[in-house]
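Undergrad: Sequence:
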Amino acid sequence: MDIKELLTPDFAITWLPWAVQYFFLIGLAYTSVWIAAIAVLWPGQRQQRLLTLCGSLIFSAAIVAPVALLADLHQPLRAWHFYMQLRPDSWMWFGAWLLPLFMGSGLLFGYLLLRPSLPTTATDRWSQIGCWLRFGRWSEKPLLKPVAVLAFLSACSIALYTGMETMAVQARPLWHSHWLPPLFAASALLAGSGMLVWLNFLFKGHNTNTDRYLLLWLRAAFTLFGLLLIGWALAGGKSAAEARLLLSHSPTWQLAAIWVLSTLAVLALLLATSRQPHWLLLLAGFAAVHLAWGFRWLVLIQAQTDPKYGAGTYFYELPWGPEGLLGILGTFGLWLALITLISELVRQTAMTQEGAA
Numbered sequence: 001m002d003i004k005e006l007l008t009p010d011f012a013i014t015w016l017p018w019a020v021q022y023f024f025l026i027g028l029a030y031t032s033v034w035i036a037a038i039a040v041l042w043p044g045q046r047q048q049r050l051l052t053l054c055g056s057l058i059f060s061a062a063i064v065a066p067v068a069l070l071a072d073l074h075q076p077l078r079a080w081h082f083y084m085q086l087r088p089d090s091w092m093w094f095g096a097w098l099l100p101l102f103m104g105s106g107l108l109f110g111y112l113l114l115r116p117s118l119p120t121t122a123t124d125r126w127s128q129i130g131c132w133l134r135f136g137r138w139s140e141k142p143l144l145k146p147v148a149v150l151a152f153l154s155a156c157s158i159a160l161y162t163g164m165e166t167m168a169v170q171a172r173p174l175w176h177s178h179w180l181p182p183l184f185a186a187s188a189l190l191a192g193s194g195m196l197v198w199l200n201f202l203f204k205g206h207n208t209n210t211d212r213y214l215l216l217w218l219r220a221a222f223t224l225f226g227l228l229l230i231g232w233a234l235a236g237g238k239s240a241a242e243a244r245l246l247l248s249h250s251p252t253w254q255l256a257a258i259w260v261l262s263t264l265a266v267l268a269l270l271l272a273t274s275r276q277p278h279w280l281l282l283l284a285g286f287a288a289v290h291l292a293w294g295f296r297w298l299v300l301i302q303a304q305t306d307p308k309y310g311a312g313t314y315f316y317e318l319p320w321g322p323e324g325l326l327g328i329l330g331t332f333g334l335w336l337a338l339i340t341l342i343s344e345l346v347r348q349t350a351m352t353q354e355g356a357a
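No gaps in the numbering here: position 269 of the sequence shown is 269 in full-length UniProt numbering, and each next residue is one more.
In case anyone wonders, no lab produced these hints; they're calculated from the structure. Among the hints, erroneous ones may be present.
Said to hold, decoys possible - Computed Cβ-Cβ distance ranges for the label pairs, DEER-style:
| # | residue 1 | residue 2 | range |
| --- | --- | --- | --- |
| 1 | G205 | H249 | 47 to 55 Å |
| 2 | H178 | L261 | 46 to 54 Å |
| 3 | A257 | E317 | 18 to 26 Å |
| 4 | C156 | L216 | 15 to 23 Å |
C-beta atoms are modelled at their ideal positions from N, C-alpha and C, and glycine is treated no differently.
Input sequences plus hints: build the corresponding full structure.
TA: What follows is the structure in structure tokens.
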């Protein structure tokens, strides 16, 4: 009997947890633009509370997401090479131009959404800062609709680019599927709606009408994500076939499948309730954010444990340092600092309106 040994080299993953943070945060940013733009452009849907929450999420997530992206590039100056070379065959090259455009239009749109909620009179240090950030007495209403259209289109381009730059990797069958970009977008919309539910609870001046409106977005995003997931499983081609192969022999992928299905089941039960108590809606919002972040971890990190060449799966252990847990916590910490700062600025207006009432 001849015995043959098969040796499979174990390569380190190239997309680090920074990439998960970038894909998650940029998803929060562009889906918040979608929700706010529809509220602005659709007749009768404008609600200042919702616009303030969307503006806060746009502003904070759109600033932190590129920080995580530069960290994932390992050397921030590598981004400069995208502008020094003509590479129309690369989605990352397109992204290098689309991302600054989204940053500009998204941050401008976020500022216009936030401006009506900034204080108009200075009573303390925070309100003084808020008054200064209004940059004089002028109306943002004439600019709101055209900037909303521009930001909406730019957000669509970022949703397309972030999905296509992953899908374009033909060496990984799990990624190379046309189902991936819409799955990323639908899960991002789910996370954005869930995060806005929590911001409505945490920001002063909680509004139940905003909760009901966001519940509609949650249900729509969950339905879309579920249908896309079923479509990928049934007609995903080589991507779905590779997933079934991994599920047949990899305990980690079996555990991941159990997590996805159980999270989907719990979220479906939470959203199926006709009358949503406040605590139940918060739980649904948390489950939606958790599902979207975990889905990106599964696609971007777990998928890299499936070797491009050879058999079996690679072993990945999350590092404790900046390229692992510390980087994840640091990114969320930066976002939390920004959203807290914004909440303090708009809190002054909420307190004034509460006193007037």
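Undergrad: Starting from the hint list further up, note which numbers the structure goes against and sort them upward.
TA: 2
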